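Asker: Could you put together the complete structure from these sequences and hints?
As they're listed, the protein sequences go chains A and B.
Position 112 of the first sequence, counting from 1, maps to 245 under the working numbering, and the rest follow consecutively.
Position 4 of the second sequence, counting from 1, maps to 332 under the working numbering, and the rest follow consecutively.
Among the hints, a few may not be true.
Quick list of in silico lysine to any residue cross-link-like pairs, SDA-like style, CA-CA up to 25 Å [to be verified]:
#1 B:Lys401 - A:Leu209
#2 B:Lys401 - A:Val168
#3 A:Lys262 - B:Leu378
#4 A:Lys262 - B:His374
#5 B:Lys434 - A:Leu166
#6 A:Lys262 - B:Thr395
#7 A:Lys262 - A:Gly180
#8 B:Lys401 - A:Leu186
#9 B:Lys434 - A:Pro163
#10 A:Lys262 - B:Phe372
#11 B:Lys401 - A:Gly185
#12 B:Lys401 - A:Gly180
#13 A:Lys262 - B:Phe391
#14 B:Lys401 - A:Thr188
#15 B:Lys401 - A:Leu166
#16 A:Lys262 - B:Gly384
#17 B:Lys434 - A:Ile143
#18 B:Lys401 - A:Val175
#19 B:Lys434 - A:Arg147
#20 B:Lys434 - A:Ile159
#21 A:Lys262 - B:Leu371
#22 A:Lys262 - B:Leu381
#23 A:Lys262 - B:Arg380
#24 B:Lys434 - A:Trp155
#25 B:Lys401 - A:Phe173
#26 A:Lys262 - B:Leu394
#27 B:Lys434 - A:Ser144
#28 B:Lys401 - A:Leu169
#29 B:Lys434 - A:Asp226
#30 A:Lys262 - B:Ala387
#31 B:Lys401 - A:Leu171
#32 B:Lys434 - A:Pro146
#33 B:Lys401 - A:Asn176
#34 B:Lys434 - A:Gly162
#35 B:Lys401 - B:Leu365
#36 A:Lys262 - B:Ile376
#37 B:Lys434 - B:Ala409
#38 B:Lys401 - A:Ser183
#39 B:Lys401 - A:Tyr178
#40 A:Lys262 - B:Gly379
For the record, the hints were derived by calculation from the structure and aren't laboratory data.
All of these numbers come straight from a predicted model, not from anything done at the bench.
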Amino acid sequence: MSQTTSSTYISRPRPGETTWLWLIKIVSGPLLLVVLVLHFTVNHYLGSLSSGLMTYDDIIRYFQNPIIPAIEILFLITVVTHSLIGLRGIVLDMNPSRQVLRAVTWLLSLLGVASVIYGIWLALTIASKGA
Amino acid sequence: MDNTQNKPSARKFLTWFNPIGRQTGSWAFILNRITALGLTFYLFLHLIILGRLAQGPDAYDSFLLLTENPFIKLGELAVVAAAILHGLNGIRIVLTSFGVGVTRQKQLFYGFMAIAAVTILFFATRMYVG
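Answerer: Here you go:
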């Protein structure tokens, strides 16, 4: 979303942002909202603690259903992608030079890949604990 | 054509925090950016904290005790509020991006923010009153 002062502003790709990146950000948003509601409800309301949070045992049990790690990994990939493309968009607001933008893109890509690898490892580790 | 507008400038970032002379669209823009930054920070913090699950039940369950702390609860409520505000504001952006409600953006924004206020109040009541 670029600077808005007009009431008829519409979000669209900006210089430095490809149509694909913009589209992924726009489409992943509503998808995230749906998965986030599910994730939040299960992890914060259906746990055995009085506050509704899940304990260690709750989480291990929950991850024994193979669909759960798969959904959580998909959720992780979507949320990391959405947030890092969004973060790059915020950097674009400051009109960075081409070199700075390239460095930021590399840095965010590395952060994204590292986070997803870590998240997958964590999900599989949790799932294996109950085996 | 004025090229000064496209020069690299961190000052443009700081202008988000200037409330003078703002229109509704501008507030929506600032809200979207600030909640995005907060949620991105929380996302990575959340991933690091969840790493305790790999260390065993004591490491994770002892951390859960912290969630009863009122300050941590306040932080949790801030995250919930940011997610609701960002999500609903985001729906408005998606709708208008695909040509829906383009001429009614202000009404859409106020409508979604009203829903957000009610939802945040619901979560706050549930977290603090039970």
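Asker: Decide if the proposed pair is consistent with the structure: Lys434 of chain B and Pro163 of chain A, CA atoms, cutoff 25 Å inclusive.
Answerer: The given pair, whose Cα atoms are some 20 Å apart, holds under the 25 Å limit.
Asker: Is it true that the CA of Lys401 of chain B sits at most 25 Å from the CA of Gly185 of chain A?
Answerer: holds (13 Å)
Asker: Quickly compare the C-alpha distance for Lys262 of chain A and His374 of chain B to 25 Å and report which way the hint goes.
Answerer: Cα-Cα ~20 Å, so holds.
Asker: CA of Lys401 of chain B to CA of Phe173 of chain A, is that 25 Å or under?
Answerer: holds (15 Å)
Asker: Tell me if the straight-line CA distance from Lys262 of chain A to Phe372 of chain B falls inside 25 Å.
Answerer: holds (23 Å)
Asker: Holds or violated: are the alpha carbons of Lys262 of chain A and Ala387 of chain B at most 25 Å from each other?
Answerer: holds (14 Å)
Asker: If you draw a straight line from the CA of Lys401 of chain B to the CA of Leu209 of chain A, is it 25 Å or shorter?
Answerer: Holds: Lys401 of chain B and Leu209 of chain A sit about 24 Å apart, inside 25 Å.
Asker: Tell me if the straight-line CA distance from Lys401 of chain B to Leu365 of chain B falls inside 25 Å.
Answerer: The given pair, whose Cα atoms are some 20 Å apart, holds under the 25 Å limit.
Asker: Take the C-alpha atoms of Lys401 of chain B and Leu166 of chain A, compute the straight-line distance between them, and say whether it is at most 25 Å.
Answerer: holds (22 Å)
Asker: Next pair to validate is Lys262 of chain A with Gly379 of chain B; report whether the Cα-Cα distance is within 25 Å.
Answerer: holds (14 Å)
Asker: Regarding the pair Lys262 of chain A and Gly384 of chain B, is the alpha-carbon distance no greater than 25 Å?
Answerer: holds (9 Å)
Asker: Does Val168 of chain A lie within 25 Å of Lys401 of chain B when you go C-alpha to C-alpha?
Answerer: Distance ~23 Å between Lys401 of chain B and Val168 of chain A Cα, so the pair holds.
In the structure shown, no violation is registered for any of the earlier numbered hints.
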